[in-house]
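Chain A is fixed; fit chain B onto it per the hints.
What follows is the residue order along each chain.
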Amino acid sequence: MEKVTLLVMLFDVLLGLGLLWLAWQLLESRDLFKAIVLFVAFGLLMALAWVRLDAPDVALAEAAIGAGLTGALLMAALAKLPSRDTSESLADEKGYWLLRLTLLLVAVGLGSVVLSLPESAPGLGAEIASNLASSGVNNPVTAVLLNFRGYDTLLELMVLLLALLGVWSLGRSAPTREKPAGQVLTTLVQFLTPLLILVAAYLLWAGADAPGGAFQAGAVLAAAMVLLLLAGWPLQHLLSGWALRLVLVAGPATFVALAGLTLLDVGLLAYPPQHAGKLIFILEVAATFSIAVTLAALFLGYRPRASNKESG
Amino acid sequence: MSASDYLSATLLIAGGFFFLAGTVGLLRFPDLYTRLHALTKADNVGLGLMIAGLAIQAESWAVVGKLLLIWGLVLLAGASVAHLIASSALKQGVRPWKK
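Protein sequence lines correspond, in order, to chains A and B. Quick note, the first sequence lines up with residues 1422 to 1733 if you use our numbering. Quick note, the second sequence lines up with residues -10 to 88 if you use our numbering.
Check the hints yourself; a few may be wrong.
Subject to a maximum C-alpha distance of 25 Å in a straight line, what follows is the list of computed DSS-like cross-link-like pairs (lysine-lysine) [what the hints assert, rightly or not]:
#1 Lys1501(A) to Lys1455(A)
#2 Lys80(B) to Lys30(B)
#3 Lys55(B) to Lys30(B)
#4 Lys30(B) to Lys88(B)
#5 Lys30(B) to Lys87(B)
#6 Lys1455(A) to Lys30(B)
#7 Lys1501(A) to Lys80(B)
#8 Lys1455(A) to Lys80(B)
Some residues of chain A that are not near chain B, with every Cβ distance over 12 Å (derived) [stated by the list, open to error]:
#9 Leu1438
#10 Arg1451
#11 Lys1501
#12 Ser1533
#13 Asn1552
#14 Met1579
#15 Trp1589
#16 Leu1591
#17 Val1706
Just so you know, the hints here were simulated from the structure itself, not pulled from any lab data. Idealized CB from N, CA, C, for every residue including glycine.
The following block holds chain A by itself, in its conformation from the complex (with noise of 0.2 Å):
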C-alpha cells in the first residue's frame, strides 16, 4: 500500500507543477494559435486535477466548457483577428510593468488569502445532505445549483445571453460562403453527432442522480453544433431569426417563469418538496438547449439572418 500511496502523491505533485509549467507557456507564448493549443492542454490537464480532487462535475464541465469549446471559441477569434506581426509582443508595449505589478499583487493577496483559510472547514456537506430529501434530486451539485442556490443559475445563464448579445452587436457580417467539408470531416461528423446528441440526453438524464445537467449536457450539444458548422451544415439558416430568439431564452425565461409562480407559495425560486423532481427537470432542459444554442451561436460569431429563399 505504501508504495501505492507514494506513486499517487508524485503524479499529483507532476500534474500541479505541469498545470503551472502550462500556465506559464501559454501566457509567455508570441505566437497566439500556441497560446490556444496550450490552453486547451491546459484544461484537460485541469479537469483531470478536479478528478484527482473528487469533483467529477466540475471536471465534467472543465473538459467540456473550459478546455472544448472556449477552445472553439478562440480559434473563431483568431481566425477573425487580423493577422499581426507576432516578432511584436506585449512585453514590449509601455505601461507594461504596471500589468505586471498588479498581477503579481493579485497573486500575492489570493496566496495570502488561501494560507490564512481556517485549517478544516466544515462547509455545508452536511446541511445540504440533510436537506437534500426536499429538493427533488438526488445529486448534491444539482440540488445546489438549481433549488438552494438557483439564483446563481438563473444570473448565469443571463451572462451567457448577455455574452452573446455582445457579439450581436459587434454587427458582423456572414462570412463569405466556404468550401465544402471533405469526405472524411464529413464522414467523421455523421458519426458523432447522433452519439453526442445520445451523449447529451444522457448527461441531462442523470444530472438528477450523478454527475451531469444542464451545462454539462448543453455544451456536449454545443459542440455536436460546432462540429456541424465546421462540416459546413447550414444550421445558421435552419434556426434563425424568431425560432433562434426563442431557443435563447427558453432557459433563462423558464427560469423566470418558474419563480414568479412559486414566489407567492413558497418564496423566491424555491420549489414546493412535492413538485420539486419534476420542475427542476423542465428547467434543465429548457437552460439545455438555450446553453447549447448560445454557445454555438457564439462560435458562429454573427447574428444569422433568416434566409431569403435564395437559389441554394
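Only chain B this time, still in chain A's reference frame:
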C-alpha cells in the same frame, strides 16, 4: 498475483512502451507528416493495448463495452484528425521531408 494480473500488466507495459515511442517520435521526427505518423501509432496501438489490459480486470461486460467504445472513438477521431491536419498542411504547401 494471478495469471490474468500478469497478462494485464504485460499489456499495460506494452501500451506504455508504444506511448513512449510515439512521444519520442513526436519530438524527434523531422517534419509534420512523420510526427503525425508517430502520434497516431501511439494513440491507436498503445491505447488498444492499455484497453485490453484494463478489460481483463473489468468487473463486468458493460465496463468492457465502455472501454472498447473509448478505444473506438479515439481511433475514429485520431485517424480523421490526423488526415485533416496532413491534408490542410499539404494544401498550405508544407513539403514532406526528404532525406
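* Any of the earlier hints contradicted here, and which numbers? -> none
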